[in-house]
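K.L.:
Listed below are the residues making up each chain.
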Amino acid sequence: MAETSECEETPVRAGTRDAVSSLRVPVLGLVVPAAVWLWVASILALLGSLKLVDPRFLGTWGWLTFGRISPAAFLSFVYGFGIPMGLCAVLWAVTKGGRLPLPGGRWFLASSFLWNLGLWSGITGVLAGESRSLSWLGLPTFSLPSLGMAYLLSAGWLVAVLVRRWEESSLASRFLLLGLVWIPWAGGAAALWLHDPSVRGVAIGSLEWWFNDGLLYAGLGAFALGAMHLLLPGFLGRPASFAGLGRWAFWAWVLFANLAGMAHLVGGPFPLWMVSTGVSSRFLLWAAAVAIGLGFWAAARGAPAEGKQWDPGWHFLRFGMGSFLVAAGLGAVLVLPAWSRYVHYTVLEEAQLTLFLYGFLGMTFFALLYTILPRVLGRSWPSVGLAKAHFLLSSYGISFLAGLLAVGGLFQGVALDNAEVPIHEVILSLLPFLRSAAAPAMALLAAHAVFGLHLLWLLVESGANRREGEKAALPGVAMEGARTP
Amino acid sequence: MTEPKRLLLGILLATGAGWSLLVWMPLTKLGPAGPGGAPFGRAAVGGRIYAANGCASCHTQVVRPANLGSDIARGWGARRTTPPEYREEHIVPLGVLRLGPDLANVGERRTDVRWYYRLLYDPRTIFPGSLMPSYRYLYARVPLLGTPLPDALPLAGRAALAPGFQVVPRPEARALVAYLLSLQRVPPAEADQSQ
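Note that the protein sequences, when read in sequence, are chains Z and L.
Quick note on this note's numbering: the first sequence kicks off at 2 and runs consecutively.
Quick note on this note's numbering: the second sequence kicks off at 2 and runs consecutively.
Read the hints as simulated data drawn from the structure, not as lab findings.
Check before you lean on any hint, since a few could be wrong.
[To be verified] Computed Cβ-Cβ distance ranges for the label pairs, DEER-style:
{"hint": "1", "chain 1": "Z", "residue 1": "Trp108", "chain 2": "L", "residue 2": "Gly130", "range": "37 to 45 Å"}
{"hint": "2", "chain 1": "Z", "residue 1": "Val37", "chain 2": "L", "residue 2": "Ala74", "range": "43 to 51 Å"}
{"hint": "3", "chain 1": "L", "residue 1": "Gly130", "chain 2": "Z", "residue 2": "Thr61", "range": "17 to 25 Å"}
Every residue, glycine too, gets a C-beta built ideally from N, C-alpha and C.
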């Protein structure tokens with residue numbers, strides 16, 4: 002709190018070399034492996050997509066069967082890219098955008114090493130057939146100690162620094178704190194519970210879905226919303242509008258993200274009150290999302306028109322917020338019993354997940370990277386053309402992928418509801434959509450390849466810069482909760 | 002209390018509320034384990050193979066009530082599935098997608114072991130154009146010494162082997178089929194009695 006008051010009274014200096022250099026190693030320790038995991042996830046997802054085109058493709062190897070590479074792809078994205086990017090946003094927040102030094106940077110390197118060690122062993126385990134088929138809890142047991150220790154090492158430290166440098170009015174800090182503490186509390190409890198022999202039957206199903214939606218909304222979603230609030234002043238010169246509404250939305254998010262998972266179990270072997278709680282919570286999460294979206298768009302509308310320079314961060318952030326609102330709305334509407342009858346267990350639900358994971362989380366985290374890496378490395382992104390190519394390939398890839406799955410899911414749902422149509426024919430009618438989805442999946446892989454090359458180029462150039470002894474400081478970026486000089 | 006502390010407490014309470022309502026309470030309602038205990042033997046091993054190969058990525062094990070879909074009309078179960086049918090299981094693959102039929106009751110619908118062996122080896126011989134992957138890695142190609150083994154697959158056409166060889170299921174395939182045959186969550190007789 003002492004540092005909070007200092008921050009309010011005395012504007013901190015922008016981009017001091019010591020502060021920025023204390024951030025460089027931890028940020029790169031998170032970003033570089035995350036970029037590799039993004040590649041791994043994209044390649045696995047593309048392989049899964051190609052297997053839907055021809056199931057015999059690479060069919061002789063058990064470790065490349067669809068049922069293993071499909072969970073391995075989203076686990077790589079969630080744990081390899083999503084969570085490290087969330088921690089990156091927190092690092093940016095606690096150092097007030099590179100203005101304050103980060104104590105204990107070496108802890109993050111140790112944490113990053115342990116995290117990636119655990120994740121490599123976990124994903125290898127999933128491909129080798131060691132998974133328990135628990136979707137988001139699907140990493141094998143032997144990978145959990147390393148992942149747990151890694152997260153506690155960095156998150157424990159970050160919570161302490163975030164609280165010490167707390168900004169009273171910051172919505173970003175609230176959401177980032179939620180993401181930071183929800184993951185170890187819920188993940189630790191779920192992991193321990195799953196290894197208790199007395200936990201069995203449908204309790205495992207409700208545990209699985211409580212955790213899945215919790216991680217999506219209260220973990221990764223909170224990180225991305227925190228990143229959005231953190232970046233907005235840098236792009237618009239002002240924070241999100243309607244701060245009071247934003248605080249209300251935050252508390253709604255905290256509560257209902259923990260209750261929304263049961264919405265997936267409509268029609269399942271669970272009491273009605275549990276399912277109803279899930280469905281209502283999805284609607285209230287949507288209401289919170291609309292409140293957050295209102296604050297975002299009101300701030301964006303009042304901002305000055307975009308300058309001559311094409312800003313990749315702002316484009317990614319805007320696409321991310323659009324996807325967020327659509328995905329939250331779909332998440333609520335699709336679980337209504339009248340709709341669920343047709344669309345539950347169809348690829349329309351996959352479209353909603355794709356929009357949330359790749360459209361909202363992925364694009365928001367890219368906005369974060371396009372904003373912070375030039376400041377951390379002291380060098381602008383080398384090519385506007387590559388950034389544009391990344392944005393266009395990503396946005397078209399995600400839009401077409403979600404669109405094809407959504408339309409295909411509607412056809413699948415209507416056909417599934419007609420008992421006269423054999424299930425085999427239902428799936429055959431879905432094939433054109435699934436096969437067409439391989440093209441946007443390739444576009445996404447190409448987008449991530451472009452980003453990877455661009456990142457590599459930036460790293461090489463910034464290394465050359467440092468050797469030449471060039472000054473690293475770029476102009477400071479405005480951010481929520483920190484006064485700019 | 003400072004704002005961060007209030008926030009931490011609020012997050013803890015909200016997470017705890019979700020946990021208590023949706024995880025702890027269902028477990029207490031299930032009651033103690035039954036005298037039979039958890040499934041064991043070949044079917045239990047097969048359950049782990051089912052999970053390891055991600056079968057739940059395409060198949061559910063949930064029969065929904067008649068007002069929420071055509072599951073009962075399709076013959077996937079005589080009534081909706083209820084919690085006691087999963088009571089002693091430690092792997093509960095309820096599923097996320099239906100790119101194939103529901104399997105909650107598949108052991109009741111299909112009882113021919115050889116049909117399952119053929120399906121897993123090459124699904125397209127039974128369902129042309131099927132999306133289901135082949136699980137050939139669960140089978141072994143062994144020399145044919147005299148009479149074919151009882152479980153040897155009758156392969157013809159493009160899948161036919163060179164003379165002197167046969168394909169037989171490995172223990173993993175046998176366990177998986179035993180598990181599928183054990184999936185009889187809502188037998189029709191029981192459903193009739195309950196009506």
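K.L.:
Determine for every hint whether it applies to the structure shown.
P.N.:
Against the structure, the hints come out as follows:
no.	hint	in the structure
1	Z:Trp108 to L:Gly130: 37 to 45 Å	violated (54 Å)
2	Z:Val37 to L:Ala74: 43 to 51 Å	holds (48 Å)
3	L:Gly130 to Z:Thr61: 17 to 25 Å	holds (20 Å)
The structure shown violates just one earlier hint, number 1.
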